[in-house]
Amino acid sequence: MAEYTKRLPTNVPGRWYVDANCIDCDLCRETAPSVFKRDDEGGNSFVFHQPETEEEQRLAEEALSGCPVEAIGKDNPTPPAPTTEPAKAPGSAP
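Counting from 0, one number per residue, gives the positions in the sequence shown under numbering that gives the first Met the number 0.
Just so you know, these hints were derived from the structure itself, not from any lab. Given the structure is predicted, the values throughout are model-derived calculations rather than measurements. Worth double-checking, as some hints may not be accurate.
[Said to hold, decoys possible] Derived lysine-lysine pairs resembling DSS-like cross-links, with alpha carbons at most 30 Å apart:
#, residue 1, residue 2
1, 36, 73
2, 73, 5
3, 5, 36
[What the hints assert, rightly or not] Using C-beta positions, here's what the derived DEER-type ranges look like:
#, residue 1, residue 2, range
4, 23, 64, 26 to 34 Å
5, 4, 53, 23 to 31 Å
6, 19, 53, 23 to 31 Å
7, 64, 3, 16 to 24 Å
8, 65, 19, 27 to 35 Å
Note that beta-carbon positions come from the ideal geometry of N, C-alpha and C, so glycine has one too.
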């Protein structure tokens with residue numbers, strides 16, 4: 000299972016990522032080329048585009064399932080955007 004704490008810095012921000020366990024086997028890049036690319040300097044894959052369409056999601060899931068070292072993750076603990084409540088007028092009831 001991929002570990003968010005080992006996430007490679009080349010990944011774009013978002014839910015999906017590749018961690019340091021990647022062995023550069025090319026499976027993810029062949030399976031989901033619109034999501035994964037190769038880092039020639041690092042010798043590994045990384046997420047260059049977060050999956051957006053149903054097809055990209057499906058292919059990224061297929062790459063995750065097929066990764067021989069389980070280096071692909073989708074559990075990025077990105078906190079939800081803060082919600083703001085409308086300001087209350089002074090003296091109004093809660």
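These are the hints, each one checked on the structure:
no.	hint	verdict
1	36 - 73	holds, 16 Å
2	73 - 5	holds, 13 Å
3	5 - 36	holds, 18 Å
4	23 - 64: 26 to 34 Å	violated, 18 Å
5	4 - 53: 23 to 31 Å	holds, 30 Å
6	19 - 53: 23 to 31 Å	holds, 29 Å
7	64 - 3: 16 to 24 Å	holds, 18 Å
8	65 - 19: 27 to 35 Å	violated, 19 Å
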